[in-house]
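Undergrad: Spelled out from the first residue to the last, the chains are:
Protein chains: 2
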Amino acid sequence: MCLTFWLSQLYRGLPRSIGRTTQPVWDSLSRNLVLSSQRRIPEFSSFVARTNTCGELRSSHLGQEVTLCGWIQYRRQNIFLVLRDFHGLVQVVIPQDESAASVKKILCEAPVESVVQVSGTVISRPPGQENPKMPTGQIEIKVKTAELLNSCKKLPFEIKDFVKKTEALRLQYRYLDLRSFQMQYNLRLRSQMVMKMREYLCNLHGFVDVETPTLFKRTPGGAKEFLVPSREPGKFYSLPQSPQQFKQLLMIGGLDRYFQVARCYRDEGSRPDRQPEFTQIDIEMSFVNQTGIQNLIEGLLQYSWPNDKEPVVVPFPSMSFAEALATYGTDKPDIRFGMKIIDISDVFRNTEIGFLRDALSEPQGTVKAIRIPEGAEVLPIFLKANRNWNSSVAKFIMEEQRLELIRLMEIQEEDVVLLTAGEHKKACSSLGKLRLECADLLEIRGVVLRDPALFSFLWVVDFPLFFPKEENPAELESAHHPFTAPHPSDIHLLYTEPEKVRSQHYDLVLNGSEIGGGSIRIHDAELQRYILATLLKEDVKLLSHLLQALDYGAPPHGGIALGLDRLMCLVTRAASIRDVIAFPKSFRGHDLMSNAPDSVPPEELKPYHIQVSWPTDSEAEKSSLNHPHHPES
Amino acid sequence: MCLTFWLSQLYRGLPRSIGRTTQPVWDSLSRNLVLSSQRRIPEFSSFVARTNTCGELRSSHLGQEVTLCGWIQYRRQNIFLVLRDFHGLVQVVIPQDESAASVKKILCEAPVESVVQVSGTVISRPPGQENPKMPTGQIEIKVKTAELLNSCKKLPFEIKDFVKKTEALRLQYRYLDLRSFQMQYNLRLRSQMVMKMREYLCNLHGFVDVETPTLFKRTPGGAKEFLVPSREPGKFYSLPQSPQQFKQLLMIGGLDRYFQVARCYRDEGSRPDRQPEFTQIDIEMSFVNQTGIQNLIEGLLQYSWPNDKEPVVVPFPSMSFAEALATYGTDKPDIRFGMKIIDISDVFRNTEIGFLRDALSEPQGTVKAIRIPEGAEVLPIFLKANRNWNSSVAKFIMEEQRLELIRLMEIQEEDVVLLTAGEHKKACSSLGKLRLECADLLEIRGVVLRDPALFSFLWVVDFPLFFPKEENPAELESAHHPFTAPHPSDIHLLYTEPEKVRSQHYDLVLNGSEIGGGSIRIHDAELQRYILATLLKEDVKLLSHLLQALDYGAPPHGGIALGLDRLMCLVTRAASIRDVIAFPKSFRGHDLMSNAPDSVPPEELKPYHIQVSWPTDSEAEKSSLNHPHHPES
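Protein chains in written order, with the UniProt record's numbering: chain A, 1 to 633; chain B, 1 to 633.
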């Protein structure tokens, strides 16, 4: 029930257009390596054969005898050779005199991407031959000795075109893809940012890094948990989706402040941009409230934020779930741009337009709209209505309503207005999706709405504690998880109108992506039992250890988990979380390099007392419909 | 073929007897918390309700208004209450005046181990009531307000006796066990030590912390790998025993220096002091040789070593595998004490003692002995011979041989000599075991051979590359793993006498326990293929991705992995690795708290296309013989 409406003038006040992504080059990588350590530059050449890295050499090294190890990036007319290591590129002069024939032979015959070690002197490039675009462009290496450490066979493709290849090829030859500027940058930045997080948590604030088990038992409702057969017939471990129970048990155990860079597992079948194993920065504290956790996280991100990015501004703004839904149609609003949802129900109270009148007569019925500034120019054919409404509906809108809408929504010429009618939540939600799709369309046409250099954090708070179950709305399920504490002001409603209880859950949103979530937990055993058994009708037996633990002096506690893969993806502006993970799985959960998962001979299944239930032909067919055999990624 | 022999004077030159273990107390915990951070003391009370920790209060805080949160450790006559947090204990004075009746009620009625928050003033203890044994013993808290945060139900046992309970009980109520001084100390020390390792690797030496997948595919000979069924019929992931392949692929990908605190998995069924999941400090470097890795590790351990322990002395001594076997009868010698194995074959070349003569006539036949100084006093009944030889054999030893033995072994009165005859390796190995058993016996009697405060590191090097397979000695298997590079001096032997080839593998031994191992890897694809396919007869297909990667410019590389659980066990002098892990499994692989592994309803197995093969009665009986139902732990 959406329709394009009408039109007005250009979007104003937007930041100027800047490139969507900036390709990091060796220059920014070396700069990053230096900046990030703050205290001092790490010794990159300790313990090894080289004296220096290729990328670090400058005029200040002139005259030094150096030994370098690296890959042959390219060769020019058998006179120059560019050597590459993780730190950058350096030019090597291939000696031409007879006495160095063996060195020349090695350096001229080794195929590109072969590994060589060279020793020589750092000299100035001849005047006019400096390369100001190259960090090492003032110098070159006059080689004395060279050794071929390993020859490279002919590559299945040119390595410089590699990133233009399909992602499947990149994943299959991941070890080659890792040599790219981009992957080196992403993985090193990830390592450095996590290191700074550890410094902040461990060294500055006394957190204890505790490793929790990943071979655990299934949790209630843990349908997405991978199973691990044990050697006891019929008994299985389960790979947990998060260390939730363990972090709470650590607080009950008096650890006070826990964190872990935790590997988590979730079996969601085939879903784009999800990984079966992923990493979260997992945090829990005793004697803390919601503000305490929020302050901690703001400080953590500010401290660990890369120096080559726009700094993080704290405190982060905060918004209730209700406001986020009403204004942005989502619980993870991208607040870098406007186009907010406006309730225009009152304008149409007496409308004669049938579907608006019908919608408004329902309980919770509303009419909502968003205004797309300058939309007319870029959204001429935008129409995704359930029924085929188009702007011809405009003729049913009376002049009075039209003027009221223009006033209410500050509509200018050339604006597009998208309008929807229906139940509040659904109406907001569909306009929220349209808002993002319009932003995509506008940006394709060159309008910059979402400055990719900006990092716009937002806390979303005051979520409902429960949602009605989709399959049976008379029953409740946890909006997040059953250990979330109710909002102190709403506790009395638990026993009368539990669906109205707000929780002490908080989500952290960055540029419209959820990058973290957490809550103050229930520390009262009776309350936890009531919620689990009476309200959620869960099998309490599976959680008896946690309920018992709450009886024995559990402190008030709360925590949060940040999704590291998603966070790094946003920080590096990568196209996919696969670009910030060294060895990711394809979206069908395959390791395309090693071919995992793989078949296992029946005798290896025997110790685990399991056997394969091969699907019947009809089942197999059904399954192949769900997972058609299209190429990966 | 061992026999007690004869006797001499007291062991000399040993360090004086000191306590076997020293129980860390709150004092050393607070000291450790302060010392370890070096740069500054972490802010333990940021973001939370308290102003201070219980354990940090001193005379310097006199007059300060403080808010504390903690557990009631005990109460004395409703006048004093000792409050505990992770940092230590502090005495709280329960107010007795009428106006504070409600505070008194809260503090007097809350059961022990209840959680309370108190606010009040830090005051001096009255003269004569100071407790010099308590770090906070100069002061106490005059309470103004108190709040019961959570009441503790009656515990199933007295918490102070808890550590004396069975380990099964400790594991079942792990959250209570974690409140003990010892577990707090162990987990915090582990966190701090790992943090310092990260600083050394990441900040000082430019290592990149890379997370590698744990859902992988089975490796050749990976019979100890847990399986994880996928949603594709008959396809399984496998939980790898180490990131070995990934770390090598990262080097081929040009990452240069990788480390990871890596979770590893090994399914060994029931074995004492092993865990199905464990942690290793996993390291790999390019362009490095054996010395480089050894220097790195020596620096790493020295840098990260706890300040409250005897410092680490570098460089570590080094010993060949051959020497370790010949001198200590093991590849992980405890060099804190002597009692070395001495070859006394020459003394008995012309002996009339039958079993010695027989042994010496065999190929590799030897006679070996160890001398137990002062052994007579403590080993009067020590006799574990295959045949029941006892000292009466002495009468067959001729005077000449007797004198030669005394000379050769420097035997004194009251010494015991243990003698064995047989094939070199077996003879050394059995004397090696006896040496350790004698040390145990001597120490039970109060002789201190192995100073527990000393940390005696040792590199063991020059291992053989292959061992003959136990089940078929004509075939070879890797002594460590098939990616280990041969010793450069022995490469020619690979094609003629491969069983004689030494490897570039190195083990790190601490006080007789192996705490790490690594090697320089094969970076030549042809050599790797030859070893895998021709010498080891492995299925090369399972490793085709790695072999292919070696073809495309693999740099020379090597690495090491330190077993973190074992290392922490030695550092903290814990009785078991379970004492340095927050939530360990029992030796049968069970989580006694949550009851994992657990049954799973058949419908949850369906998406994974597996079903349980219930063992037949006779199989079940056989299995219960292998795993008798004795109590856990």
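Just so you know, not all the hints are guaranteed correct.
Think about it this way: if two alpha-carbon atoms lie no more than 27 Å apart in a straight line, the pair counts; the simulated DSSO-like pairs of lysine-lysine are [to be verified]: (1) B/K469 / A/K606; (2) A/K606 / B/K537; (3) A/K606 / B/K309.
Rather than coming from a laboratory, the hints here were simulated on the basis of the structure.
Undergrad: All hints are to be evaluated individually against the structure, with a verdict given for each.
TA: Each hint tested on the structure:
1. B/K469 / A/K606: With a Cα-Cα distance of about 24 Å, the restraint between B/K469 and A/K606 holds, given a limit of 27 Å.
2. A/K606 / B/K537: Holds, at roughly 24 Å.
3. A/K606 / B/K309: Violated - the C-alpha atoms of B/K309 and A/K606 are around 48 Å apart, more than 27 Å.
Hint violations for this structure: number 3 only, all remaining hints satisfied.
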